[in-house]
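Undergrad: Please work from the sequences and hints to get the whole structure.
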Amino acid sequence: MKARVHVMLKNGVLDPQGEAVRHALGTLGFEGVEAVRQGKVIELDLAETDKAKAEASVAKMCEKLLANTVIESYSVEIA
Amino acid sequence: MRAAVIVFPGSNCDRDLVVALEQAGADVQMVWHKDKELPAGLDLVAVPGGFSFGDYLRCGAIAAQSPICRSVVNFAGKGGYVLGICNGFQILTETGLLPGALLRNADLHYICKYVPLTVQTANSAFTRGYTKGQNINIPIAHHDGNYNVDPETLGRLKGDDRIAFTYGDNPNGSTADIAGVLSENRRVLGMMPHPERAADSRLGGTDGTALFRALADSLVAA
Chain A
1 MKARVHVMLK NGVLDPQGEA VRHALGTLGF EGVEAVRQGK VIELDLAETD KAKAEASVAK
61 MCEKLLANTV IESYSVEIA
Chain W
80 MRAAVIVFPG SNCDRDLVVA LEQAGADVQM VWHKDKELPA GLDLVAVPGG FSFGDYLRCG
140 AIAAQSPICR SVVNFAGKGG YVLGICNGFQ ILTETGLLPG ALLRNADLHY ICKYVPLTVQ
200 TANSAFTRGY TKGQNINIPI AHHDGNYNVD PETLGRLKGD DRIAFTYGDN PNGSTADIAG
260 VLSENRRVLG MMPHPERAAD SRLGGTDGTA LFRALADSLV AA
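So the protein lines, in turn, are chains A and W.
The numbering used here numbers the first residue of the first sequence as 1 and each following residue consecutively.
The numbering used here numbers the first residue of the second sequence as 80 and each following residue consecutively.
Please keep in mind that the hints were generated in silico from the structure rather than gathered at the bench.
On a predicted model such as this, the values are computed, not experimentally measured, just so you know.
Fair warning: there could be bad hints in the mix.
Said to hold, decoys possible - Below, a sample of chain W positions facing chain A; criterion: calculated Cβ distance under 10 Å:
id, residue
1, Q102
2, T172
3, P178
4, A185
5, D186
6, V228
Even glycine gets a Cβ: it sits at the ideal position worked out from N, Cα and C.
TA: Pasting the structure below:
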């Protein structure tokens, strides 16, 4: 079973990297990009076969290590 | 004072920190990150700067989960003194010993230079060698020193006099110009500037020595 974790800076936390990307897109002539937020995608291969258990387990991993919940939010997709 | 300096793969300020502590009169041991227990009888644990575990995932995130860090958290929980400098500060926020988090510098640049700081409180074992409002020069060397803290926590830090140092000319976008913060019991200090790099006149400055001397004086009988 595979899990895909998306980690993003929380709304309201300034994302200077996203802002630099937005600026670069403007320089390249892509108009109308009003905001860019940059995050991470982490893919996990899990031995677990039960979807609910996998979700619970990955949520714990996010809380403990994969995201810093002081500044980041996360979401998990199980496939 | 008996002190330990924790060494992670990628630490690069560990030896400078040992020298600065020894010059202040401390008996210093270096402790490898895989050790599970701290040496007995310590007064201070110092977490040095560098790029522990290559800054993978987030600065300090992997180091914060290492076996020795669990012992450092327990040590702090029992009232032990802990100093985290630069990457050490990032590690201490990741362990939850200090509030907030360190983000990428607002201008995205790695910055390595002497910066003016203002001492915001002399009420701690770390800062009692300075006077409140004193201006000092200490170098910074970081890419992720943009201290981020929510407004509610910031209010608590201010109200409880827990902001130790602020930048004179905010170099990295830190909330409220914060360069260093204290824990609730005032025994854990995290700071992005490097006092150990300003502890020898031959290396350009000595404004950091007062911090190490204050610790040695405070903890001598501890």
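Undergrad: State for each hint whether it applies.
TA: These are the hints, each one checked on the structure:
no., hint, result
1, Q102, "violated (35 Å)"
2, T172, "holds (7 Å)"
3, P178, "holds (8 Å)"
4, A185, "holds (5 Å)"
5, D186, "holds (7 Å)"
6, V228, "holds (8 Å)"
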